[in-house]
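There are 2 protein chains.
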Amino acid sequence: MKGQQKQEDRYEIRFSGSGGQGLITAAVVFAEAVGVYDGKYVCQTQSYGPEARGGKSKAEVVISSKPIDYPKALELDLLLAMNQAACDAYFYDLKQNGLLVVDSGLVEQHPTSRIIAIPFTDIAKDEIGRKLVANMVALGAVGLLSGQVDLDNLEKALLARVPKGTEEMNSRALQRGIEEARKINLDDLPRAVMSDDYDEV
Amino acid sequence: MKGQQKQEDRYEIRFSGSGGQGLITAAVVFAEAVGVYDGKYVCQTQSYGPEARGGKSKAEVVISSKPIDYPKALELDLLLAMNQAACDAYFYDLKQNGLLVVDSGLVEQHPTSRIIAIPFTDIAKDEIGRKLVANMVALGAVGLLSGQVDLDNLEKALLARVPKGTEEMNSRALQRGIEEARKINLDDLPRAVMSDDYDEV
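So the protein sequences, as listed, match chains A and B.
For the first sequence, the positions run 0 to 200 when numbering that gives the first Met the number 0 is used.
For the second sequence, the positions run 0 to 200 when numbering that gives the first Met the number 0 is used.
A few of these clues could be false.
Pairs count within a copy or across copies, as identical chains cannot be separated in the list.
[To be verified] Subject to a maximum C-alpha distance of 25 Å in a straight line, what follows is the list of computed PhoX-like cross-link-like pairs (lysine-lysine):
1. 155 to 55
2. 55 to 163
3. 55 to 65
4. 155 to 130
5. 94 to 71
6. 71 to 55
No lab work stands behind these hints: they were computed from the structure.
Since this is a predicted model, take the numbers as computed values, not measurements.
So here's chain A without its partners, still in its complex pose (with noise of 0.2 Å):
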């Protein structure tokens, strides 16, 4: 169990996949939710370089329970890949035992075993009619399986950031998302064996 204790209290999102899925959207909306709603602290941060032009596209949150020093990701806690490219080149940022989201209709590849794979893009598109909104849905997803929001705050920060007249449908995708992601049991995922945990044999 001495592995998984956290070295300090700082809790790291990346949302990466390509320019246009709202990513951008999602982790200002999660942000908000944990920052303005939550009263926690954190830090939401998009960098583009030379790099931007490739179509990878991210976005960053850091919580904490005390202030921010460093407001970029070090080493990511969650990592959600909207795409092949993104999950490719981003897993490496991973921590150990860092949780990897990825959107099963367009990540075909898996760089571990250990990973939850859902089809964000297939229920905006067939369920809510939207493709649009799967960053909604992939954000509900983020926020039950983090544990670092609570949900009403999300769907409050969701709720005042979308466009007039979307609300509804932005709240469903929210809400099927968080859906999915209760169906998942954390503790069935592999894990990695660390070092620590010889230690205390």
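Take the given structure of chain A and dock chain B to it, following the hints.
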């Protein structure tokens, strides 16, 4: 002139005002224009702490031609303040001879005579017909005054991000902001005399 030299190649902007004024959206559009279209390094950040409930909202953009180590603003080159509370709170984070840009209808008490006051919200309401696009009027002015972004790219980034059907309105708002800012002659603004200037005598 020595006082005007950049110590390092870094330009920091803070968009501030109330929640609901769309300042994060303005900052995201600015960052995407600079990062994705202009191809510079840029970080865009929002930080929330217990003070987030106070009704102040801020979003930052840090631009550099080199990778950015520390993404939060340290000393602002430009502060946009869309209400009095934000102006009062953040004015002291401005660099000496940095640019203070305010909504003249919402910020009545000026902390300095070195100020650029433009009625962003009145322009949005009276000329574009939607108070909501005051953020885009301000974005246009900040784009021009900062000299940090290609204005065509700023419009491209805006069109890629705003909700479908609102493109023309947002684009008009941006152009009106650019137009207003063109009327300002930065050389006419009062300047603080800096100790470096004395050294040169």
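Comparing the hints with the structure gives:
| no. | hint | verdict |
| --- | --- | --- |
| 1 | 155 to 55 | between (29 Å within a copy, 18 Å between copies) |
| 2 | 55 to 163 | between (28 Å within a copy, 22 Å between copies) |
| 3 | 55 to 65 | between (31 Å within a copy, 20 Å between copies) |
| 4 | 155 to 130 | both (22 Å within a copy, 23 Å between copies) |
| 5 | 94 to 71 | both (15 Å within a copy, 24 Å between copies) |
| 6 | 71 to 55 | both (17 Å within a copy, 23 Å between copies) |
In summary, the structure agrees with every hint in the numbered list given earlier.
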